[in-house]
Each structure stands twice: as C-alpha cells, then as structure tokens.
Amino acid sequence: MKIMKQDVKIQKLVVEVMKHVRQQTYTPEQLCERQRILDAQYFYYWSMDMKKEEYVCDLFTEDFTYRCFTESPTEPKDQAMRSKYVNRNMMTMHMSHNPLIWLIDETHARGIFLYEDNNSYKDHTVEGFSMYCNDFRKCEDGVWRISKMRIGYRKMNGALDDYDVPKDWEPKKWEEWNCHMEV
Numbered sequence: 543m544k545i546m547k548q549d550v551k552i553q554k555l556v557v558e559v560m561k562h563v564r565q566q567t568y569t570p571e572q573l574c575e576r577q578r579i580l581d582a583q584y585f586y587y588w589s590m591d592m593k594k595e596e597y598v599c600d601l602f603t604e605d606f607t608y609r610c611f612t613e614s615p616t617e618p619k620d621q622a623m624r625s626k627y628v629n630r631n632m633m634t635m636h637m638s639h640n641p642l643i644w645l646i647d648e649t650h651a652r653g654i655f656l657y658e659d660n661n662s663y664k665d666h667t668v669e670g671f672s673m674y675c676n677d678f679r680k681c682e683d684g685v686w687r688i689s690k691m692r693i694g695y696r697k698m699n700g701a702l703d704d705y706d707v708p709k710d711w712e713p714k715k716w717e718e719w720n721c722h723m724e725v
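Residue numbers for the sequence shown follow the working numbering, so the first one is 543 and each next one is one higher.
Calculated from the structure, these hints are not laboratory results.
Predicted model only: the values in this text are computed from it and were never measured.
Ideal Cβ placement from N, Cα and C applies to all residues, glycine included.
Do not rely on the hints blindly, as some may be mistaken.
[To be verified] Heads up, simulated PhoX-like pairs for lysine-lysine below, C-alpha to C-alpha not over 20 Å straight-line:
| id | residue 1 | residue 2 |
| --- | --- | --- |
| 1 | Lys697 | Lys594 |
| 2 | Lys715 | Lys594 |
| 3 | Lys593 | Lys715 |
| 4 | Lys593 | Lys697 |
| 5 | Lys619 | Lys709 |
| 6 | Lys619 | Lys714 |
| 7 | Lys709 | Lys551 |
| 8 | Lys690 | Lys680 |
| 9 | Lys554 | Lys690 |
| 10 | Lys697 | Lys709 |
| 11 | Lys690 | Lys619 |
| 12 | Lys690 | Lys551 |
| 13 | Lys619 | Lys594 |
| 14 | Lys715 | Lys544 |
| 15 | Lys664 | Lys593 |
| 16 | Lys547 | Lys619 |
| 17 | Lys619 | Lys593 |
| 18 | Lys714 | Lys664 |
| 19 | Lys547 | Lys697 |
| 20 | Lys697 | Lys554 |
[As the list claims (entries may be wrong)] Just the calculated beta-carbon pair ranges, DEER-fashion:
| id | residue 1 | residue 2 | range |
| --- | --- | --- | --- |
| 21 | Cys574 | Glu669 | 26 to 36 Å |
| 22 | Glu558 | Lys697 | 16 to 26 Å |
| 23 | Gly684 | Lys547 | 33 to 43 Å |
| 24 | Cys681 | Trp588 | 15 to 25 Å |
| 25 | Glu558 | Lys714 | 34 to 44 Å |
| 26 | Tyr705 | Ile545 | 17 to 27 Å |
| 27 | Phe671 | Thr567 | 26 to 36 Å |
Could you build all of it, start to finish, from the sequences and the hints given here?
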C-alpha cells in the first residue's frame, strides 16, 4: 500500500469549499441546481462503471482541465478516450460520498467528494482513496458541466496498468451520444 503526499493545491481548495458551504443559504431553485451538479458528478462515475466512457464528452466544458498528479488542459473527447483505454481491461467501481457543493454564483460552483475506487483486473485489484475537487460551470444551454477535474489520491494499493493511450488505438465500441437526445 502506498500512502501519497497530499496535493497541497487541492487541499487548500477543499478547505475553501468547506468554509463557504457552511455559510450558504439556499433558495428552492439553488437546491435544484445543487442536485443537477451532483447528477453531473455522479453521471461521470456511472459512465465509467457502465463502460460508457464516451458519454462524458458532453459532460466537460470545451476548456476542460484535468489534474491527477499533474495538470493539463484536455479535450473532452481525449479525456473520454483515455478513460475508455484505461478501463478497457478492468471492472471499475466508483464509490463517492460526503459531497459538498459551493454555489459560487449562478453559473459557477465547486464540489468536493471523498472517493474510493476498486479497479479489478483479471490478475489483481487496485484500490484507492482520494478526493475530487471539481469546478462546474452552467453553460449557455443551461447544462452544468465540469470545467476542472482534480483528483488528489491519498492512498493506493496496487498500480494501474497502461495509462497512456497509444497513438493509433481505437476503442472496440464508441457510442455517439448527446445528453440532449431524446431517449
């Protein structure tokens, strides 16, 4: 088991959210917006666990930034493709709890989520404990999307296989999907 040094940047952001959330008051409309933000985060987890990683293309803003050990701007489809590649040989279980959502203004929010993952390969399992600290933005179409995803791992038992997507790799299945489509 590897105990990891806490990401100081994420730790400061988490504490900031904790302080602001305690001072919030809510209108009924804000409670609905808070739920829509939670739904966006949980949609991300469900997309991973149901092997529908491509569904998150519409979940991220165009200027999406991903941080897990390092930070980089990432195209939504590239992030979805990375997840599809990393998850291809394992069964994932995302278990998130204790969410706090800071409604910064009408179109910006930051959420923190404790997170445990269980990634089972054929011959080994990787378990981790981390914190997500994500920025959300309500876009012009009224949909909340993730603009910054930050994952601060604290503990990991094992190591993930094959994290970097090979240049010419294509997934076996990629379903085009838009959250605004009629079901």
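Evaluation of the provided hints:
This hinted pair does not check out: Lys697 and Lys594 have alpha carbons roughly 26 Å apart, beyond 20 Å. Between the alpha carbons of Lys715 and Lys594 the distance comes to roughly 9 Å, so the proposed pair stays at or under 20 Å and holds. Between Lys593 and Lys715 the alpha-carbon distance is near 10 Å, which keeps this suggested pair within the 20 Å criterion. Distance check on the hinted pair: Lys593 and Lys697 sit about 24 Å apart at the alpha-carbon level, beyond 20 Å; violated.
Straight-line distance between C-alpha atoms of Lys619 and Lys709 comes to about 14 Å, which keeps the hinted pair within the 20 Å bound. About 16 Å separates the Cα atoms of Lys619 and Lys714, which keeps this hinted pair within 20 Å; it holds. Restraint check: the Cα-Cα separation between Lys709 and Lys551 comes to about 31 Å, which exceeds 20 Å; the hinted pair is violated. Taking the CA atoms of Lys690 and Lys680, the gap is about 13 Å. The hint holds against a cut of 20 Å.
At roughly 15 Å between alpha-carbon atoms, Lys554 and Lys690 fall within 20 Å of each other, so this suggested pair holds. Under the criterion of a C-alpha separation no larger than 20 Å, the hint pairing Lys697 with Lys709 is inconsistent with the structure, at around 30 Å. Only pairs whose Cα atoms come within 20 Å are accepted, and Lys690 paired with Lys619 is accepted, the gap being roughly 15 Å. Only pairs whose Cα atoms come within 20 Å are accepted, and Lys690 paired with Lys551 is accepted, the gap being roughly 13 Å.
Proximity of Lys619 to Lys594 is assessed by CA-CA distance (about 13 Å); at most 20 Å being required, the pair is judged to hold. Between Lys715 and Lys544, the direct Cα distance comes to roughly 34 Å. Violation of the 20 Å bound is thereby established for this hinted pair. Using a Cα cut-off of 20 Å, the hinted pair Lys664 and Lys593 holds, with the two alpha carbons roughly 16 Å apart. Restraint check for Lys547 and Lys619: the C-alpha separation of about 30 Å exceeds 20 Å, so the hint is violated.
Proposed proximity of Lys619 and Lys593 is supported: the alpha carbons are some 15 Å apart, at most 20 Å. Proximity of Lys714 to Lys664 is assessed by CA-CA distance (about 19 Å); at most 20 Å being required, the pair is judged to hold. Straight-line distance between C-alpha atoms of Lys547 and Lys697 comes to about 9 Å, which keeps the hinted pair within the 20 Å bound. Restraint check for Lys697 and Lys554: satisfied, since their Cα atoms lie roughly 19 Å apart, inside the 20 Å limit.
Distance hint check: the CB atoms of Cys574 and Glu669 are about 35 Å apart, consistent with the given range 26 to 36 Å. Checked against the hint of 16 to 26 Å, the C-beta distance between Glu558 and Lys697 comes to roughly 23 Å, which is consistent with it. The given range of 33 to 43 Å is respected by Gly684 and Lys547, whose C-beta atoms sit roughly 40 Å from each other. Our hint of 15 to 25 Å for Cys681 and Trp588 holds, since their Cβ atoms are close to 21 Å apart.
A hinted range of 34 to 44 Å for the beta carbons of Glu558 and Lys714 is consistent with their spacing of about 42 Å. At about 20 Å, the CB distance of Tyr705 to Ile545 agrees with the hint of 17 to 27 Å. Our hint of 26 to 36 Å for Phe671 and Thr567 holds, since their Cβ atoms are close to 32 Å apart.
Going through the hint list in order, the structure does not satisfy hints 1, 4, 7, 10, 14, 16.
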